[in-house]
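Undergrad: Start from the sequences and build out the full structure, keeping to the hints where you can.
Just so you know, the sequences run in chain order A and B.
Take the first sequence: its letters are residues 15 to 148, numbered as in this note's numbering.
Take the second sequence: its letters are residues 61 to 393, numbered as in this note's numbering.
Hints are supplied without guarantee of correctness; some may be wrong.
Now the stretches of chain B that chain A is said to cover, found in silico as 3 or more residues with beta-carbon under 8 Å [stated by the list, open to error]:
{"#": "1", "region": "169-179"}
{"#": "2", "region": "202-212"}
{"#": "3", "region": "221-230"}
{"#": "4", "region": "295-302"}
{"#": "5", "region": "317-327"}
{"#": "6", "region": "343-351"}
If you are wondering where the hints come from, they were derived from the structure by calculation, not from laboratory data.
Note that CB positions come from ideal geometry on N, CA and C, so glycine has one too.
So the chains spell out like this:
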Amino acid sequence: MKKKDIPQQAHHLYAGETKAVYAINEEGKLEIAQTAGWEVEIDVLQQAIDEIDRLSADALQRVRAGESSPLEYHMYAQRMDLPMLAQAVGVFKWRVKKHLKPTGFAKLKPEQLSLYASVLGIDVETLQELPDDN
Amino acid sequence: MTTDFIHRQAAHCETGAISNLLQHYNLDISEPMAFGLASGITFAYLKMVKINGLPLIAYRMPPRMIIKLLSRRINGLDIRFNKFKNEAEGMAALDKKLAENIIVGLQASVFFLPYFPREMRFHFNAHNLLVYGKENDEYKISDPIFSHLVQADRKSLTQARFSRGALAPKGMMYYPVNVPSKVDFERLIPKAIRFTGKMNGRWNPIPLAGIRGMKRVAKKIEKLKNEDPRHARLFLGHIVRMQEEIGTGGAGFRFMYAAFLQEAAEKLNCNELADLSREMTDAGDAWREFAVLAARTSKQRGEHDYIDIARQLQKVADKEYDLYNQMSGFKIR
Numbered sequence: 015m016k017k018k019d020i021p022q023q024a025h026h027l028y029a030g031e032t033k034a035v036y037a038i039n040e041e042g043k044l045e046i047a048q049t050a051g052w053e054v055e056i057d058v059l060q061q062a063i064d065e066i067d068r069l070s071a072d073a074l075q076r077v078r079a080g081e082s083s084p085l086e087y088h089m090y091a092q093r094m095d096l097p098m099l100a101q102a103v104g105v106f107k108w109r110v111k112k113h114l115k116p117t118g119f120a121k122l123k124p125e126q127l128s129l130y131a132s133v134l135g136i137d138v139e140t141l142q143e144l145p146d147d148n
Numbered sequence: 061m062t063t064d065f066i067h068r069q070a071a072h073c074e075t076g077a078i079s080n081l082l083q084h085y086n087l088d089i090s091e092p093m094a095f096g097l098a099s100g101i102t103f104a105y106l107k108m109v110k111i112n113g114l115p116l117i118a119y120r121m122p123p124r125m126i127i128k129l130l131s132r133r134i135n136g137l138d139i140r141f142n143k144f145k146n147e148a149e150g151m152a153a154l155d156k157k158l159a160e161n162i163i164v165g166l167q168a169s170v171f172f173l174p175y176f177p178r179e180m181r182f183h184f185n186a187h188n189l190l191v192y193g194k195e196n197d198e199y200k201i202s203d204p205i206f207s208h209l210v211q212a213d214r215k216s217l218t219q220a221r222f223s224r225g226a227l228a229p230k231g232m233m234y235y236p237v238n239v240p241s242k243v244d245f246e247r248l249i250p251k252a253i254r255f256t257g258k259m260n261g262r263w264n265p266i267p268l269a270g271i272r273g274m275k276r277v278a279k280k281i282e283k284l285k286n287e288d289p290r291h292a293r294l295f296l297g298h299i300v301r302m303q304e305e306i307g308t309g310g311a312g313f314r315f316m317y318a319a320f321l322q323e324a325a326e327k328l329n330c331n332e333l334a335d336l337s338r339e340m341t342d343a344g345d346a347w348r349e350f351a352v353l354a355a356r357t358s359k360q361r362g363e364h365d366y367i368d369i370a371r372q373l374q375k376v377a378d379k380e381y382d383l384y385n386q387m388s389g390f391k392i393r
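TA: And the structure:
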C-alpha cells in the first residue's frame with residue numbers, strides 16, 4: 015500500500031483516534047504512517063456492534079416480559095455471550111443459563127451477584143435493574 | 061517518575077510495547093525489527109476457540125510469544141514476567157517497580173481501559189501497554205496503538221489487569237532485568253527468517269496454521285453458501301474484523317513484516333531481502349483486497365459470491381506459500 019492511498023475515513027466510532035500502518039512513501043520505502051479509519055473496518059465493526067445491540071434489545075424484551083433475568087440483558091449489553099460469561103465466572107454454561115431465568119436469578123447469593131457484576135464491569139445495583147425507557 | 065520516556069505509535073500492541081521499552085533502555089529495535097526477529101508473522105485458524113460464537117483467527121503468534129521468543133533469541137536480553145494471585149499484590153508490585161523508575165509492561169483487557177473509545181471496547185484480554193509513571197491514583201500509560209500518551213485510574217487499571225475469561229491476564233506484568241547494548245543481526249536475522257518460512261510454508265506440520273490454515277478457511281468460506289445467510293454474513297464480517305480491527309490485522313502484519321525485511325536488507329546489505337520485502341508488501345495488498353470483498357459481501361453489497369472470496373484467499377495463500385518456501389532456505393550469500 016502506498017502512503018497516499020492510506021484510507022483516511024474518520025468515523026465517530028473511533029472518537030478521533032488514529033491507528034498506525036506501514037506504507038510505502040515517495041522514495042519507495044516502507045515507513046510508519048497514520049490512518050484515521052478505513053471504510054471496510056468501520057463496516058465490520060458497525061456490523062458487530064449492531065449484532066450486540068440486536069441481542070441486547072431482544073433480551074430486554076424478554077426481561078420485561080418476565081421470561082429472562084436482567085443478567086441476560088446486561089450480558090449482551092456488556093458485549094458478552096453465554097460461553098464468554100460462563101468462562102469469565104468459572105461456572106458451567108448450564109448453571110449460568112439457569113441464572114439467565116428470573117427464578118434462578120432470584121436465588122443468587124450476594125457473592126455470586128457481585129462476581130457477575132464485576133466480570134461485566136457494572137455494579138451490583140445496575141445488574142439488578144434495567145435501563146430506563148427512552 | 062520517568063520523564064524522559066519517548067512514546068512512539070505502533071501498528072501492533074505487543075511489538076510496539078517491547079520496541080518502545082527496549083528503545084527506552086537504549087537498544088535500538090524498531091517495531092518491525094522486534095516483529096521479525098521474533099518470527100511473529102503467521103496464520104492460525106482455531107475453530108475450537110470461540111469469540112462471540114465465532115472461531116478465533118489469528119494473523120500472528122499468540123500473545124506473549126513475541127516477547128518470549130525475542131528474549132530467547134537476543135543474547136543478554138532478560139525480560140521478567142510476573143503473574144499474581146490477587147489484585148492488591150499485583151498493584152503493589154507495579155507500584156514498586158514504578159517507584160524504582162522502571163518501565164513496566166502490562167497485559168490488560170481492552171474492555172476496562174477508560175481511554176479507549178467506547179465503541180472500541182471489546183472483551184479482548186491480551187492487549188499490551190507500558191506504564192511509565194504514576195501520579196496519585198492515575199497511572200501514566202504509553203499505549204502503543206495510540207498516537208498520544210494516555211492514563212488510567214487505579215480502579216480501571218486493576219479491572220483491566222485482572223479481567224477474567226479467555227486469555228485472562230492474571231495481573232501479568234513484565235519488565236527488563238537486563239538489556240544488552242547490541243544485537244548480533246548478522247546471525248539472528250537469517251535465523252528468524254528461516255524459522256518464519258519453515259513455520260508457515262512447506263515444512264509446517266500443523267494443519268490449522270500457516271498456509272494450510274489459510275486454505276482451510278478458504279474451504280470454509282466456499283461452504284458458507286449452504287449455511288444460514290445471517291450466520292454466513294456474520295462469519296465473513298468476523299474474519300475481516302479479526303483481520304483488521306482487533307490488533308493490527310492480516311494486511312497490517314504483512315506490511316509490518318515487509319518493513320522488517322526492508323530494514324534487514326539494509327542492515328545486511330542484501331538484495332534478496334529487498335525483493336522479499338516487495339513481495340510481502342504485495343501479499344499485504346492482496347489481504348486488503350480480500351478484506352474489501354469479504355466486507356462487501358458481508359454487507360450484501362456488490363456482485364461477489366462466496367466462491368470469489370474463497371478464491372481471493374486461495375490466491376493470497378499461494379502467493380505467501382512461495383514466499384515462505386523461499387524464506388525457509390534463506391542464507392546471506
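Undergrad: Give a verdict on every hint.
TA: Hints versus structure:
no.: 1; hint: 169-179; in the structure: holds (count 5)
no.: 2; hint: 202-212; in the structure: holds (count 3)
no.: 3; hint: 221-230; in the structure: holds (count 4)
no.: 4; hint: 295-302; in the structure: holds (count 4)
no.: 5; hint: 317-327; in the structure: holds (count 3)
no.: 6; hint: 343-351; in the structure: holds (count 4)
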